[in-house]
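Now for the letters of each chain:
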Amino acid sequence: MTVAIIQFPGSNCEYETKKALDFYGLSSQIVTWNCSESELSQFDAYIIPGGFSYQDRVRAGALPAKLPVMGVLTTAALQGKPILGICNGCQILVESGLVPDLNQQQHIQVALAPNQSQGKDMGFICDWVYLKARYPKRNLFTRYIDSEEVLPIAINHGEGRFVYSEETALRLSELAQFQYVNELGEGVASYPVNPNGSMGNIAGLSNVSGNVFAMMPHPERAYKLDQVPFSVGSTWSMQKEDTFSEKESKAGPWESLFVSLAEHLTGRSSFQLQEAHL
Amino acid sequence: MKEFQLWTYLMHSDLHCMSAFEMIRSGMGHQELTRLRRFGVWHLTFESDEDQRSTISTMIDQSYYLVNPNKEAYFLDGIPAKDSIDLSRRLNLKVSPKHQSSNESLVARLRDRFKVDLLTATRSLVWEMQLSEPSDSLTIQKTFMSAVSGSVSRTKGFLVQPLFETYEWLDVDQVYTGIS
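Taken in order, these protein sequences are the chains called A and B. For reference, each letter of the first sequence is one residue, going 1 to 278 in the numbering used here. For reference, each letter of the second sequence is one residue, going 1001 to 1180 in the numbering used here.
The set of hints was computed from the structure by calculation and includes no laboratory data. Wrong hints could be hidden among the right ones.
To be verified - Partial selection, computed: residues in chain B whose CB lies under 8 Å from chain A: (1) Ser1013; (2) His1016; (3) Met1023; (4) Met1028; (5) Gly1029; (6) His1030; (7) Gln1031; (8) Ser1102; (9) Leu1106; (10) Val1152; (11) Arg1154; (12) Phe1158; (13) Leu1159.
In this text, a Cβ means the ideal position worked out from N, Cα and C, and glycines have one as well.
Based on the provided sequences and hints, a complete structural model is requested.
Put into structure tokens, the structure is as follows:
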């Protein structure tokens, strides 16, 4: 059971992603975007890591979404294989129509616009934020996350503002999602809690079947306790202080996401695909 | 109140354009596209009805706010049409954000520094496309236009993201100056 980490020209988080998977005992391989269809389709799960594929030319994710590799990933998604897009990977999945894929025809129903706050361009944002999961049981990657838990995580993006139509908004409750919240777990629509002006404070979104997830923040930068900075001031940084005397790294806030993938792939606890309400 | 348009473009290779050109031709199969250029268009609105062209030139010469002269050049009002250009082969797609940034701080800076009555400064992109067939050949034009502009289909809509951008196909007299 091996996870393919797909490296596009300009990806820059593939090695950290692999480290995170190694930490949780997941076998993975970094493969290039132009490898053969037969090679790519042999993998059991896929992660599109963060970075700046094709330098974000035209707009982030627009070029890679039209490449043949996304045809292979569409087939994999329809077969129920897990696919996670992180940051630039999230932009690519959204531009490909794999998330949220409400009518299962890979139409583009969500977009990631340049960061804004109250009509003002915010530019590129590099910071730590807090997330809470909504309807976590509806996606393979989020199913073990407690919806009351407040999780710290890093963001690094210039085009991360989730926007969607009213029609899509009506069906969001069918989808697992992450929302930007403050340290107390309260949703505040304005900066800095919602750093990029996302509609509904959305930071990550599932597809309707629950096997594909696109998220702008970087779970691979908070997979172990050492990575959480003291500045986030959460219980996680206190736990980090407690482990200073220990030599080995402890699992971090995003353990559940990686463990869930591992358990699904090893068959210890398989995720059942959600039924779409067409 | 009077509006002026400042058309800026990169003097050196425009990598966005090169990639878009390759994707439209090879990835999307529209070999009829023979040339693609990209312009950033500033729409500058002034309170008075006076001709502000010389003021705009001064703002450009004495600051980097609107044009970066190290890498960009510009035209005022539109692209000068050369006699040799066959405009019937040209299509121009204007793409603007649905929620335009107000650029308040830029306007305030320009007003303060140059003592001008500038009211707004908004920016759009214009993709100038040349087709191998005359663009008034309706079938080709319609197919091509639908391929590159706003659509929810993943195989189309490459140059416009309809959820946060709007687009408009411009007439030649909205783009080129000096057309006889």
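Against the structure, the hints come out as follows:
Interface restraint check: B/Ser1013 against chain A, minimum CB-CB distance 12 Å, threshold 8 Å, status violated. Because the beta carbon of B/His1016 sits about 5 Å from the nearest beta carbon in chain A, less than 8 Å, this interface hint is met. The interface hint given for B/Met1023 holds, since its Cβ lies 6 Å from the closest Cβ of chain A, which is under the 8 Å cut-off. Checking B/Met1028 against chain A by beta carbon gives a least distance of about 7 Å; that is within 8 Å, so the hint holds.
Taking 8 Å as the C-beta cut-off, the interface hint given for B/Gly1029 is violated, the closest approach to chain A being about 11 Å. Look at B/His1030: its Cβ only gets to about 12 Å from chain A, farther than 8 Å, so that hint breaks. Checking B/Gln1031 against chain A by beta carbon gives a least distance of about 16 Å; that is not within 8 Å, so the hint is violated. With a cut of 8 Å, the hint placing B/Ser1102 at the interface with chain A holds, because the nearest CB-to-CB distance is about 6 Å.
Because the smallest distance between the Cβ of B/Leu1106 and any Cβ of chain A comes to about 10 Å, over 8 Å, the interface hint for this residue is violated. Because the beta carbon of B/Val1152 sits about 4 Å from the nearest beta carbon in chain A, less than 8 Å, this interface hint is met. Checking B/Arg1154 against chain A: minimum C-beta separation of about 4 Å stays under 8 Å; hint holds. With a cut of 8 Å, the hint placing B/Phe1158 at the interface with chain A holds, because the nearest CB-to-CB distance is about 6 Å.
Checking B/Leu1159 against chain A by beta carbon gives a least distance of about 7 Å; that is within 8 Å, so the hint holds.
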